[in-house]
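Peer 1: Spelled out from the first residue to the last, the chains are:
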Amino acid sequence: MTLNEAALNQRLKVLSFSDEEQIELNDLESRLIHLGFHFGSMIRIVRRAPLFQEPLLVEVRGRLVAMTLSESQLIKVEAL
Amino acid sequence: MQKIAIVGMPNVGKTALFNRLTGSFQKVANFPGVTVEKKSGWISEHGNKIIEVIDLPGIYSLDATTLDEKVTKDFLMQKEKEPLADLFVLVLDATNLDKSLFLALQLKNLGYPLVIALNLSDEAKKRKFKIDLPKFAGFLGAEVIATSASTGEGIPDLVLRVKERLSTQQKIKIQLPENPQKTFRTAAYVNGIFRDIDLLLKDVVLSPLAPDSFSERIDRYLLSPVMGPIILFAVLLLMFQTLFAWAQPLMDGIEAIFQFLGENAAYYIDHHLLRSFIVDGLINGVGGVIVFLPQILLLFLFIQFLEDLGYLGRAAFLMDSLMRRMGLPGKSMIPLLSSHACAIPGILSTRMIDNRKERLITMLVIPLTTCSARLPVYALLIGAMIPNSSLGFLGLKLQGIVLFGLYFLGFASALIVSLILKKTLPSASPSMLLMELPPYRIPKIRNLATSLLNKAKIFLKKAGGTILVLSLVIWVLVTFPQQENGSSIEHSYAATLGRAMEPVFRPLGFDWRITTALVPTILAREVMVSSLSLVLSVKDGSKGFETDLSKILSHQFQLGTLIALLIWFVFAPQCVSTFAVMKRESGSYKWPVIMVIYTLGMAYFFAWISRILIISF
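Sequence lines, in order, name chains W and G.
The first sequence begins at 1 in our numbering and counts up by one.
The second sequence begins at 1 in our numbering and counts up by one.
The following block holds chain W by itself, in its conformation from the complex:
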């Protein structure tokens, strides 16, 4: 599943980014990876913003990262 489909506070592991054929990372993916979303990283959705249920607030390596719904759809995860 992609990150946006996960439940709040579920422990998740990053598997890959959605466009797997691409070998080179685009700007968004590169920024994601440097914020800690490398493959194998452990994350969880801490909360969703009121009203539209997005953006999402994601905890990764002890940091909080805010991202829009479409940005979260880029990240493939599995629940642990």
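Keep in mind the hints are simulated off the structure, nothing from the lab.
Where is the CB? At the ideal position from N, CA and C, for every residue including glycine.
Where hints are given, some of them may not hold.
[Claimed, not checked] DSS-like cross-link-like pairs, simulated, lysine-lysine; straight-line CA separation at most 27 angstroms:
id	chain 1	residue 1	chain 2	residue 2
1	G	Lys173	G	Lys39
2	G	Lys202	W	Lys76
3	W	Lys76	G	Lys182
4	G	Lys357	W	Lys13
5	G	Lys39	G	Lys73
6	G	Lys163	G	Lys422
7	G	Lys130	G	Lys39
8	G	Lys357	G	Lys70
9	W	Lys76	G	Lys583
10	G	Lys108	G	Lys3
11	W	Lys13	G	Lys583
12	G	Lys128	G	Lys99
13	G	Lys202	G	Lys108
14	G	Lys444	G	Lys357
15	G	Lys163	G	Lys108
[As the list claims (entries may be wrong)] Okay, the calculated bits of chain W under chain G, using three or more residues with CB under 8 angstroms as the criterion:
id	region
16	29 to 38
17	57 to 63
Using the hints provided, position chain G relative to the given structure of chain W.
Peer 2: Chain G alone, transformed into the frame defined by chain W:
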């Protein structure tokens, strides 16, 4: 002489370390990106310079994109594959180790000769962070010295190790891959390094950083579904109130000072033309620049405070989805709201929007929001058209409803234009929210003061000159040519210009008196009140002057004309200060010119339509 270079990610204390090593006093600040070009100094011994030290701008990785990052990247990745320094002092942040380590492993893998300064060690110790230093050093193949650049702890040790390494080390070749730019960007490469970081950390960290549960607890309130938006609303309301009400006494004070200066100058200068130049041109012009400072400084005090506190990113988080549906990022809410006081601080504050296209859009639509300079004009025209009566049992004032309608019209048109611009302007980079929310911190007064001083300097230096020159041009237009009995606006160049423009504005019902009065309004919209009174020969400043002016307007002009004039002021004209600041902030004349053309176009079109509607009913 042998050379060493200091590298590391932004905001880990490289410059402070450089100052410690070389005994110099480079400016250090508590935010990333202070160093934008490389600087050099020397480590001295008994008054002799023995080692050259180069301080490089911070980078996160060798895959650098921004301009100041490129300085460092070019220094590190020479074509000759021979490093420009004999040794690199890599500065790591002990409180943020996993983030610092990417560059460390990248450099280590490529074979750079390194000595590692584990900086901020004192702070890490406070947060119970403990790591196995010898093991860590073994992993990185380099000596690791725990330092604190702010207290000086560990610095002598660092210098000692550097000297040791330099005396024994031989020339080293760097092993760059075939196409480094491409390689550093592949998912496999980046993931590989992060995997190594995870392994390393698991092995050497004896006791992890105490988690920041404080921020988490505060977020439970500030980001909660009900409380979060309410608190945000209160914060924005406070900002609005600050700009509208609390800036006013300061602005009145500045105006009073310049009026006092003007009156005194007028008293001492006999020659009427010179007097007019000094008083109406120069003193008025300078005053017209300075008067913006209270609002600019108050807004930035507010923004910087929220930023340092850690709330600004959270405000963007709360507003993002709502604003994005209207074509703008969450961060544009603050510029748009503050523009209701004045467009100048609003445009300056668009700097916090990272995406260039979104920043431009926000800047371009800001002039459509109802700034406070429009209020005197609205009051005058509404007074001339709308009876001062209440509406039924609710007790709502009819005039108030119209005023609210004008605010709404301004804001709605700003949103519509931004949607159109979003579709039409090309974008260089994708629109992102993606950002780290920092932990909450108590803002430091020193930091706030530095930032405010900077903002004031930028405004006065870069925009002040343009505003002053243009106000002198306007002074020439309304003062010349000189008549025998002094100057009068009917015979001025402004009136000549007004008469020349009359045919163009006839469809809107504007005659030469209105077009002449419009000329000086490009200085500031509220000038309309005094320039209209000059043209219509109503004595300014007398008792009941504004109601008199309203009455004369309603007698001398048709309703359609007055409505058209009111609508004209919703969209145009833009004051020269807005133009000057937008030129400065967008970096070219292109964008302010586009802004002026499209707002004039809208003003003309909607004024024309509304007059036709009024006439045909």
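Peer 1: Determine for every hint whether it applies to the structure shown.
Peer 2: Now the hints, each set against the structure:
1. For the hint linking Lys173 (chain G) to Lys39 (chain G), the alpha-carbon distance of about 24 angstroms falls within 27 angstroms, and the restraint holds.
2. Taking the CA atoms of Lys202 (chain G) and Lys76 (chain W), the gap is near 25 angstroms; set against the 27 angstroms cutoff, the hint holds.
3. Between Lys76 (chain W) and Lys182 (chain G), the direct Cα distance comes to roughly 24 angstroms. Compliance with the 27 angstroms bound is thereby established for this hinted pair.
4. Distance restraint check for Lys357 (chain G) and Lys13 (chain W): the Cα-Cα separation of roughly 34 angstroms exceeds the 27 angstroms cut-off, and the hinted pair is therefore not satisfied.
5. Distance check on the hinted pair: Lys39 (chain G) and Lys73 (chain G) sit about 15 angstroms apart at the alpha-carbon level, within 27 angstroms; holds.
6. Distance hint between Lys163 (chain G) and Lys422 (chain G) is unfulfilled; the C-alpha atoms sit about 57 angstroms from each other, more than 27 angstroms.
7. Proposed proximity of Lys130 (chain G) and Lys39 (chain G) is contradicted: the alpha carbons are some 33 angstroms apart, above 27 angstroms.
8. Among the hinted pairs, Lys357 (chain G) with Lys70 (chain G) is consistent with the structure: their alpha-carbon atoms are about 23 angstroms apart, no more than 27 angstroms.
9. Restraint check for Lys76 (chain W) and Lys583 (chain G): not satisfied, since their Cα atoms lie roughly 44 angstroms apart, outside the 27 angstroms limit.
10. Note on Lys108 (chain G) and Lys3 (chain G): the hinted pairing holds, with a Cα-Cα distance of about 19 angstroms set against a maximum of 27 angstroms.
11. With a CA separation close to 47 angstroms, the supplied pair Lys13 (chain W) and Lys583 (chain G) exceeds the 27 angstroms bound.
12. Of the supplied pair hints, the one linking Lys128 (chain G) and Lys99 (chain G) holds, its CA atoms being roughly 18 angstroms apart against a limit of 27 angstroms.
13. In summary, the hint linking Lys202 (chain G) to Lys108 (chain G) is supported, as the alpha carbons are separated by about 19 angstroms, within the 27 angstroms threshold.
14. Of the supplied pair hints, the one linking Lys444 (chain G) and Lys357 (chain G) is violated, its CA atoms being roughly 32 angstroms apart against a limit of 27 angstroms.
15. For the hint pairing Lys163 (chain G) with Lys108 (chain G), the CA-to-CA distance comes to about 20 angstroms; that is within 27 angstroms, so the pair holds.
16. Counting residues of the region 29 to 38 of chain W whose beta carbon lies closer than 8 angstroms to any beta carbon of chain G gives 9, which meets the minimum of three for the stated coverage.
17. Here the region 57 to 63 of chain W counts 4 residues with a CB under 8 angstroms from a CB of chain G, which clears the bar of 3, and the coverage holds.
When each numbered hint is compared with the structure, violations occur for hints 4, 6, 7, 9, 11, 14.
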